[in-house]
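Novice: Chain order of the listed sequences is A and B. Residue numbering for the first sequence follows this note's numbering, beginning at 1 and increasing consecutively. Residue numbering for the second sequence follows this note's numbering, beginning at 1 and increasing consecutively.
Keep in mind that the hints were calculated from the coordinates and are not lab data. Check the hints yourself; a few may be wrong.
All copies of an identical chain are treated as equivalent in the list; a pair is satisfied when it fits inside any one copy or across any two copies.
Here are the simulated lysine to any residue pairs, SDA-like style, with alpha carbons at most 20 Å apart [as the list claims (entries may be wrong)]:
#1 Lys340 - Glu156
#2 Lys312 - Ala361
#3 Lys313 - Asn165
#4 Lys89 - Leu344
#5 Lys131 - Arg387
#6 Lys131 - His332
#7 Lys313 - His332
#8 Lys313 - Ala59
#9 Lys131 - Asp217
#10 Lys2 - Glu82
#11 Lys131 - Ala34
#12 Lys340 - Pro372
#13 Lys313 - Pro365
#14 Lys2 - Arg283
2 protein chains.
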Amino acid sequence: MKILVVGGDGYLGWPQAMYLSRRGHDVTVLDNLAHRRWDLECGTDSLVPIADLRVRAQAWLEISGKTIDLRLGDVTDFAMVEQTVSALKPDAIVHFGEQPSAPYSMIDRAHAVYTQLNNITGTLNLLYAIKEHRPDCHLVKLGTMGEYGTPNIDIEEGFIEISHNGRRDRLPFPKQPGSFYHLSKVHDSHNILFACRTWGLRSTDLNQGIVYGVETDEAALDARLATRFDYDAIWGTVLNRFCVQALVGGRLTVYGRGGQTRGFINIRDTMRCIELALLNPPRAGEYRVFNQFTEQFSVAALAAMVQRAAGKKGINVEIAHRENPRVEAQSHYYNARHAKLVDLGLEPHRLTEAFVESILARIEPLRPRVNPAILEPLVRWGATRNRAGYLHAKDKASIAADERFSAGAPSGAAPLHADGRVR
Amino acid sequence: MKILVVGGDGYLGWPQAMYLSRRGHDVTVLDNLAHRRWDLECGTDSLVPIADLRVRAQAWLEISGKTIDLRLGDVTDFAMVEQTVSALKPDAIVHFGEQPSAPYSMIDRAHAVYTQLNNITGTLNLLYAIKEHRPDCHLVKLGTMGEYGTPNIDIEEGFIEISHNGRRDRLPFPKQPGSFYHLSKVHDSHNILFACRTWGLRSTDLNQGIVYGVETDEAALDARLATRFDYDAIWGTVLNRFCVQALVGGRLTVYGRGGQTRGFINIRDTMRCIELALLNPPRAGEYRVFNQFTEQFSVAALAAMVQRAAGKKGINVEIAHRENPRVEAQSHYYNARHAKLVDLGLEPHRLTEAFVESILARIEPLRPRVNPAILEPLVRWGATRNRAGYLHAKDKASIAADERFSAGAPSGAAPLHADGRVR
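Next up, chain A with everything else stripped away, as it sits in the complex:
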């Protein structure tokens, strides 16, 4: 299968590209290297060192004997998207290429507008390019479980049968997203559903849970093939943050009461889910939604699990509560269906204490790379001008260089100030 992986330099995109390449697919990666630029802006970095995209692809060729083609470009540039899709004529496009952070979208107005415009434009451009140049192409789009919010009823997979005043219909599941980022994914979902219905396109919208884990079979083959491990308050996930907090101070900070419950999935299961979606495409005109997670946990339960796993390694960990920077329900009903991928053959990995121990073992040697400052949640949902840059004076030169090629960023976004912070 000829597959275009948009955002193929990212945490999931890169291992997914290798996973599909190894299984004999003809893979092209398209990326604008945005996450590397955002790291420079925010002063963040992957704890696991990652190689440049060209080095990654070269290493993959050396080790696997297989070629992953690279295209550097931004999906908000339609001329490039059109040229890529018409030249490649992919059977499927896996679209990871969006701004993926809720806190980043909540920094200020410029970041909110940038997130929505960037994500919406990229997806619209892909839809138009597919319609015009490869209408049979299967668009596999990464959404998020966060599109649903936390309703007081069971969450279905994209659609719900509603009985009302004696009549029935199957309608899109109501969405209550919790940030301008999550909203951008809701907007995408509505746009894609419309394109499928109106133009006969085919798409799978994967409402993914929080992904954990850093190793895949391919990423483990060579240090140059490793993928990201983000633990900071903007790009990191709660489990990664807890693991790093256990290592560097033994104090896990739970935001609010910790009753926030979410769906989780192992990175190896993400790889397999996307393969399953690709191997079982929807019919022309079909827009389908899979809830791509395998288990649900509350934040408090995760903290307790990390505490126990650290304890087995002789690390004494304390759980502390602090004010929640987000505006969200801190104790709520949560029960989301996730049967469709299992029906297609997914055999889920489980999140266990033993798995958390393996994460701790993987990152322990990287402890000197931890920057404790970036664990601090500086983006508050209730504020509209968060000072979320973590830049130090020594970073200024590299940022200034970066700004020169940041044509894709919103004009006026994140100007640099004398103190080296991003306003």
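Model the placement of chain B on the given structure of chain A, informed by the hints.
Specialist: What follows is chain B alone, placed relative to chain A:
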């Protein structure tokens, strides 16, 4: 009450500004004159001649003794929005300032992306400016009944009580919009709901039906105060088009079977509905939705009504069916609730044969101004590169001049070609 009317040069915005000014409110109009530019682009024009915005405001001062302040600016420009809201500190903002046409949004990719980016950015900018400079301000936002599509259940006002697997919740009504324009309104609705919930803002989202009528008490006072009457295939509504078709050829063209059923409202009721929303604001943090229409009709029923009204004037009218350029259900269940505005005191005008006769009488003297070419629906939903410009060679000079100040338009949108058409 101090009220900012965004889009106050438009079909509804201008009469609404006068309506509120006459009732003693302190009204400021903000507009970027976009509709006048779009008319130049599309070769369209209001059948009723309209005065320039400055002339309108000057005439209003002469006739009513009241001042409507004018600000020319684009709500996608945050510096301007912020300056306006912080200087004015309005009690309410009535937001008509969006690209309002489904066919315009479906011309091609550039117009789809422009519509969504323009509408989303303007609304986000208003939300941020309100949050930062006037958090008590009531945002009255114009949405559309088209956000709901045509579900097989009764349409509620914004939210629906859902019972599912033994649990209940009140959730946003599922949305199934039918164009990239309608989608932009759905995106706005989700963004506004989030801002109310997260920041404690207050907003009324008016899901308006198709507005008909050209006269209000204020617009009728002087020819310079008149508002638009659009009858073309891009900006016009179906009733206006039928009335013009009755006058110029006696042949009403129904797209498809004509079973498409929609909500309708008289322009005088729109004026009153917005006044009722303003006089009865939501509480802080509340996002409420009113379905702003008074009656529902199928397209076939409207055609029959125009036929009968024309018959009374001695005009013999034929009803013809032609291929539907839109992708939409042509025969469907439709029953939408619209009780909240009536509960607040709305006394609806009815759409009757007599009212259609009054429209025919109003536009009959304007028959020489009709351009039959622009009745033709050139935008097909199934195509992605519609040639929807109606420009004639004589218009080229004015367009070229217009293009020079069209900073707000998408780059690369609607380039002009040798044949004078817009690709």
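Novice: State the violated hints by number, sorted upward, taking the hints as numbered earlier in the document.
Specialist: Hint check: 3, 4, 6, 7, 8, 9, 11, 12 fail, others pass.
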